[in-house]
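Protein sequences, first through last, are from chains B and L. Per my numbering, the first sequence starts with residue 1, numbered consecutively. Per my numbering, the second sequence starts with residue 1, numbered consecutively.
Just so you know, these hints were derived from the structure itself, not from any lab. Misleading hints may appear alongside valid ones.
As the list claims (entries may be wrong) - Label pairs and their computed distance ranges (CB to CB):
{"#": "1", "chain 1": "B", "residue 1": "190", "chain 2": "L", "residue 2": "89", "range": "22 to 32 Å"}
{"#": "2", "chain 1": "L", "residue 1": "75", "chain 2": "B", "residue 2": "191", "range": "28 to 38 Å"}
{"#": "3", "chain 1": "B", "residue 1": "392", "chain 2": "L", "residue 2": "169", "range": "35 to 45 Å"}
{"#": "4", "chain 1": "B", "residue 1": "211", "chain 2": "L", "residue 2": "89", "range": "14 to 24 Å"}
{"#": "5", "chain 1": "B", "residue 1": "329", "chain 2": "L", "residue 2": "233", "range": "28 to 38 Å"}
{"#": "6", "chain 1": "B", "residue 1": "140", "chain 2": "L", "residue 2": "58", "range": "37 to 47 Å"}
{"#": "7", "chain 1": "B", "residue 1": "390", "chain 2": "L", "residue 2": "75", "range": "34 to 44 Å"}
{"#": "8", "chain 1": "L", "residue 1": "160", "chain 2": "B", "residue 2": "321", "range": "14 to 24 Å"}
{"#": "9", "chain 1": "L", "residue 1": "160", "chain 2": "B", "residue 2": "489", "range": "30 to 40 Å"}
{"#": "10", "chain 1": "L", "residue 1": "65", "chain 2": "B", "residue 2": "406", "range": "46 to 56 Å"}
Stated by the list, open to error - Anything over 10 Å on all C-beta distances counts as not near chain B; from chain L, calculated:
{"#": "11", "residue": "49"}
{"#": "12", "residue": "53"}
{"#": "13", "residue": "133"}
{"#": "14", "residue": "153"}
{"#": "15", "residue": "157"}
{"#": "16", "residue": "161"}
{"#": "17", "residue": "165"}
In this text the structure is predicted, and so the values were computed from the model without any measurement. Heads up, the beta-carbon is just placed ideally off N, CA and C, and yes, glycines get one too.
As a plain string of letters, each chain reads:
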Amino acid sequence: MTTHLPSKPGAVSRLCAVAAALLLVVGGSSAALAQPKQGGVLRVAERFEPVGFDTLAKKKASVYTQVALSFTHNRLFKYSPAGDVVPDLAASVSRPNATTYVVTLRKGVRFHAKPPVNGREFTSEDVKFTFERLAGSPEERLFPTLKRVTTPDRYTVQFELSAPFSAFVSNLAATTMFIYAKDAGKPTADGGRDYTSPETVIGTGPFMLKEYREKQRIVYERNPAYFESGRPYLDGVETYFIPDPSVQLAALRTGKVDIITATGSQGLPHALAAEVRSIPGARLLRQSSFQSSENVIGRLDQKPWSDLRVRQAVSMAIDRPALMKALFPEGANLISGPIPLTSRFFVAPDKLGATAAGYRHDPAAARKLLAEAGYPNGFKTKLYTTVGYGSDYLSRTELLKDMLSKIGIDASIVPQEYPVWISKTYKGDYDGMVHIPSWTLGDEDEWLATYTPGDTRNQIHINEPGVTNLVRAIREAPSDQARAKGIEEFVQMFHANLWRVFLPAPAILTVTSQRVKGYEVSLRGYSWPAVLVNVSVE
Amino acid sequence: MTGYLGRRVLLMLPTLVLVSVMVFLIMRLIPGDVVSLMFADLGYAPSLEAMRARLGLDRPLAEQYVSWIVELLRGNLGESLWTQRTVVSLVAERLPVTLELSLLAIAFGIVYGMATGLAAAVWQDRWVDMVLRGIAVAFLSLPTFWLGTLVIVLPSLYLGWSPSIQLVSFRSDPLGHLAQFALPAVILGTHLGAPLMRMGRAMMLEVLRQDYIRTAFAKGLDDWRVVLVHAVRNAVIPVVTILGVQMSQAIAGSVVLETLFQLPGMGSLLVEAVAHRDFPTFQALVLCLAVFVMLVNLLVDMACLAIDPRLRRIAA
């Protein structure tokens, strides 16, 4: 099943976006609408365990740490399952001027009743403390213009920026921006607080960490004082770390787990999806990838990639429907960029109008374009790839080479060891073409930044003043409307120029057993546990 | 025997130095800049320079090596960049699991390999021999990860059963604990036992044709007594010798099986260290495993001495 998100923001397209959460019910789903049952324990199969419990440490936080804290902590804002930014610990936000945001907090929210915090009330001081911890953390990049955080009163936080930054509120919902209790961390020699160990996991979230057995499991129990009255329905959640997908599926089939998650875009492999259909009541849930894409690139400051006709020819040489059919039988999007598939600004090729031609599979037209560009017999080039992403990735490079050969591009594959890849090719040091993936947290701003000079992910060496200015204007947009207009302009500009040739993006698969009721896939961030407040088990 | 042991231990020293040099150089000879990779991927330090300083890579190579060895001799294997725990504590936690799995697998492999090898030799070229040899070849050819996956997937499909998804503690449930280790140990054991079976069969056939065996039969001794008492002891020496190699294979085989059967051992720790570019952990683990294999080989040599008096005379 192929799905595309709508091209324009608005009420109708928001509804479409919700529909594009791609819930496909394999087993019976009507029971999901039944009255949720209180009690019961949900058992989850997760690939890997968290590495410490601090998302604001000096080391980049593992996505599994982000998932673990989504059970126990809240952010000021969060993503709704449909991908919208909605209040979490914040009650409201205002923007009195272009560089100031004032966030009013929920009142009466309490931290978990565990020492040393002992269920005290959450206040603006905890928010201030959390933002003070940002200094020196990799997450500092989320707020590049943040100048000062002040607390006019217990329930108000004021953020002052040195320059406008339109992704500010969206980044408050990033799944690293959990609010830490200022007294929960272990004091360190330098006067700071350390939140690495499980004893320090004291948040305001729907579940409390009860037990952590390294390499084995995490057990969470219901937070009886959670601020959403009556939630969560579950008494607890047990997360088991099972790296192998076949073992995960065997555990689900035999009733040992209830959910196989899709953390880190590593949901159930498509090849195993058929087996889910043989499990009575099991549901296969599809979602678009919010954080990764694969594309073919070259250097825009060098021939032949500098010629639009060559880029169009490469794109038209790629038989995307065939790739999708062969590799992703459970569905895929035709292209995966230039902004997240789950963004409301993403435009599917069938909505592109004239520029859609670039995504049509048309080898004859591609050969003609090459001839017009001065390559009537095609050309020889290198196609860099890496063994670091596994054998499936290399297979896709080989398929690309085969497709390029049909329009006369003789691409010799250069497989690189991952250290060489990451230190050279991934930094843009290459000649010829590259089969490359991209990862980001999901906000449009992060994707757009890669099209500006100086960004470490500008592997295509783009240096177009028009694009740079547009990205800057989007970043500094004075209003949501201005930002939306800018992003739409960028997307149109991108498709007309095809600076990168995006490949199909597979649907990410989550599986739930028949016990699970009310589970929705989350389109953004590593915070799927946030939806568990609405989940019950039979 | 004590003198021989002393000489063997002394001989291990240059091997240890060589191994340490190789392990030390491995990460430094990997193509590309591994430190850039670790920094770019995982942000283990605030800057590339800080990353190099943290790993001690800003010093001359010889100084790095000497300092590493000094710390090793003090029992300091370093700190994991990924988990931020000492490698010693990680090894202490994971080694028992791997040792238990490997020893169970080796024990099963010896029993299976020797018993079937002996039976195949006694009933040479009969159907028993054919079947046992066929099975041994099959176990040699089939990868353990494939067998392991089958053993997990098929019972879940047809019997509604799958292995435990967390480590069962021996103290709380001894039988459950052994049951959890039994399946991977049998899978690994059959893989390790297959060459033992083939070697055992060949050696038994050779020994059974010796004059002293023919004499024993001619004297009217019980057939099984001749085989089990007089023949096996002489046939077993080459089999014990290849056990050293098998032990290192058991460690290698445990990498995949530990992951499949949810056993948190050294194998999965090694895989994680590689995946997370955890340079100090990887370096320490490879060294530990190398030392372990050397110790096993020493034990094998001592076992051969204990079994064969001729070797004892030579050693003396």
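Here is what the structure says about each hint:
{"no.": "1", "hint": "B:190 / L:89: 22 to 32 Å", "verdict": "24 Å, holds"}
{"no.": "2", "hint": "L:75 / B:191: 28 to 38 Å", "verdict": "31 Å, holds"}
{"no.": "3", "hint": "B:392 / L:169: 35 to 45 Å", "verdict": "37 Å, holds"}
{"no.": "4", "hint": "B:211 / L:89: 14 to 24 Å", "verdict": "20 Å, holds"}
{"no.": "5", "hint": "B:329 / L:233: 28 to 38 Å", "verdict": "59 Å, violated"}
{"no.": "6", "hint": "B:140 / L:58: 37 to 47 Å", "verdict": "25 Å, violated"}
{"no.": "7", "hint": "B:390 / L:75: 34 to 44 Å", "verdict": "37 Å, holds"}
{"no.": "8", "hint": "L:160 / B:321: 14 to 24 Å", "verdict": "39 Å, violated"}
{"no.": "9", "hint": "L:160 / B:489: 30 to 40 Å", "verdict": "57 Å, violated"}
{"no.": "10", "hint": "L:65 / B:406: 46 to 56 Å", "verdict": "53 Å, holds"}
{"no.": "11", "hint": "49", "verdict": "15 Å, holds"}
{"no.": "12", "hint": "53", "verdict": "14 Å, holds"}
{"no.": "13", "hint": "133", "verdict": "31 Å, holds"}
{"no.": "14", "hint": "153", "verdict": "6 Å, violated"}
{"no.": "15", "hint": "157", "verdict": "7 Å, violated"}
{"no.": "16", "hint": "161", "verdict": "6 Å, violated"}
{"no.": "17", "hint": "165", "verdict": "5 Å, violated"}
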